[in-house]
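The listed protein sequences correspond, in order, to chains R and V.
Quick note: the first sequence uses my numbering, first residue 47, plus one each step.
Quick note: the second sequence uses my numbering, first residue 1473, plus one each step.
What the hints contain is simulated information worked out from the structure, not anything from laboratory work.
Remember, it's a predicted structure, so these values are computed and weren't measured experimentally.
Note that beta-carbon positions come from the ideal geometry of N, C-alpha and C, so glycine has one too.
Careful, some of the hints might be misleading.
Not close to chain V: a few residues of chain R, all C-beta gaps over 12 angstroms, as computed [to be verified]: (1) Ala158; (2) Gly185; (3) Tyr199.
With a straight-line Cα cutoff of 25 angstroms, these simulated BS3-like cross-link-like pairs (lysine-lysine) come out [what the hints assert, rightly or not]: (4) R:Lys293 with V:Lys1518; (5) V:Lys1518 with R:Lys157; (6) R:Lys354 with R:Lys365.
Partial list, computed: chain R residues near chain V (C-beta under 10 angstroms) [stated by the list, open to error]: (7) Ser202; (8) Tyr228; (9) Val337; (10) Val339.
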Amino acid sequence: MFLRNHLLKWESRVHPLRQLFWECTLRCNLRCRHCGSDCTASALAPDMPFEDFEKVLLRIRETYDPKDILIIFSGGEPLMRKDLASCGRRVQELGFPWGLVSNGCLMTPQKALELLKAGMRAATISLDGLEEEHDWMRGVPGTFKQADTAIRYLASVSFLGFDVVTCVTQKNYGQLNQIKDYLIDAGVKAWRIFTVFPVGRGATDPALQLTSEQYRGLMEFIIACRKEGRIKASYGCEGFLGPYEGKVRDHVFSCQAGLSIASVRIDGAISGCTSIRASYSQGNIYQDDFVDVWEHRFGLFRDHTPFKTGPCATCKWWKQCQGNGMHLRGQDGELLLCNLAKLTES
Amino acid sequence: MKKALIRILCLLLGVNVFTACYGPYRGPETEPESEMIQQELEALEKAQQPQVDEPEEEPQTPNQE
């Protein structure tokens, strides 16, 4: 533990940028029940012109080695942008690896090939159940079939870092084994599971929240999958898990927002990851130099001590948890969800 | 070398400095223009090309001389 804390302090000091999210559009072709960003088909915020983001990349590569930094196109649904392949091609020309997070509906084999040829080397497709449950969650019939086509195609590409991400809710909790079997049959090697956090459209929908007993059951399911070894299941970065740390992920928890992860939001705001409240933005690409912001701001991201209030003030897990994930903090710093409390309550 | 050692140390100690958070995890660390990738891309492209059927031979009529 001493060594790990020491290393985290080193990381906080060095903050090596490893992932940069680009919220390239807020437009989306679906209306998912659990969406954290409340995006719509015709988002009020216009897409960011690629040239604006390109200036950030040009500045970054002056200071850091671009091949160490994975650029991730996120949204909204990034494939709503017609110029995505040309954006990707330019990102690759600049020396950065790139990937995207997509609902898969527009990821036809033709589109996938176009993106692969443009340098796409990592991809995540969301799948929230088998046909009925997935379509219910996504709010549009037929989306399972489209995601299925995308998943089977991308899983067959050997040089692509590919995983499927599943949001577990009341609706699909009972079919985890069937989803697992489906993914294995589709050739998927890595499966990332998460649960709804209380922000955005999913915050007030009880059908999306697991009970504490189900939450523990989900952890046990992931542990069983990992022991079985047929698919590499893991729990997403949804916070500190106490007794389950070291069992459901390849690593123990630490929020990497502002340590190795940054984002450029649709309005140019510079932040840790795109799930974090806007009040934590550290600058804006239209006014500030990205590298200067990354090097000299992000204080709260790199020292969570101000979060040691409320339930965290006397918690015996503070040293390991460090106040949970930044995306689980409200705009005034209040803790929106303590995963550990949920896991341990009866 | 130093970077590799830090990376190994981080993995051993469970600090996710080099692993993904919300987004996709990195693929295998291959050069973007490596021969292996180019070959696989060519194969994927070929698989998507429409199959061109061989033109059928004209059936011979019985009275043709």
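Legend entry - Ascending list of hint numbers which this structure does not respect: Hints 1, 3, 4, 8, 9 and 10 not satisfied by this model.
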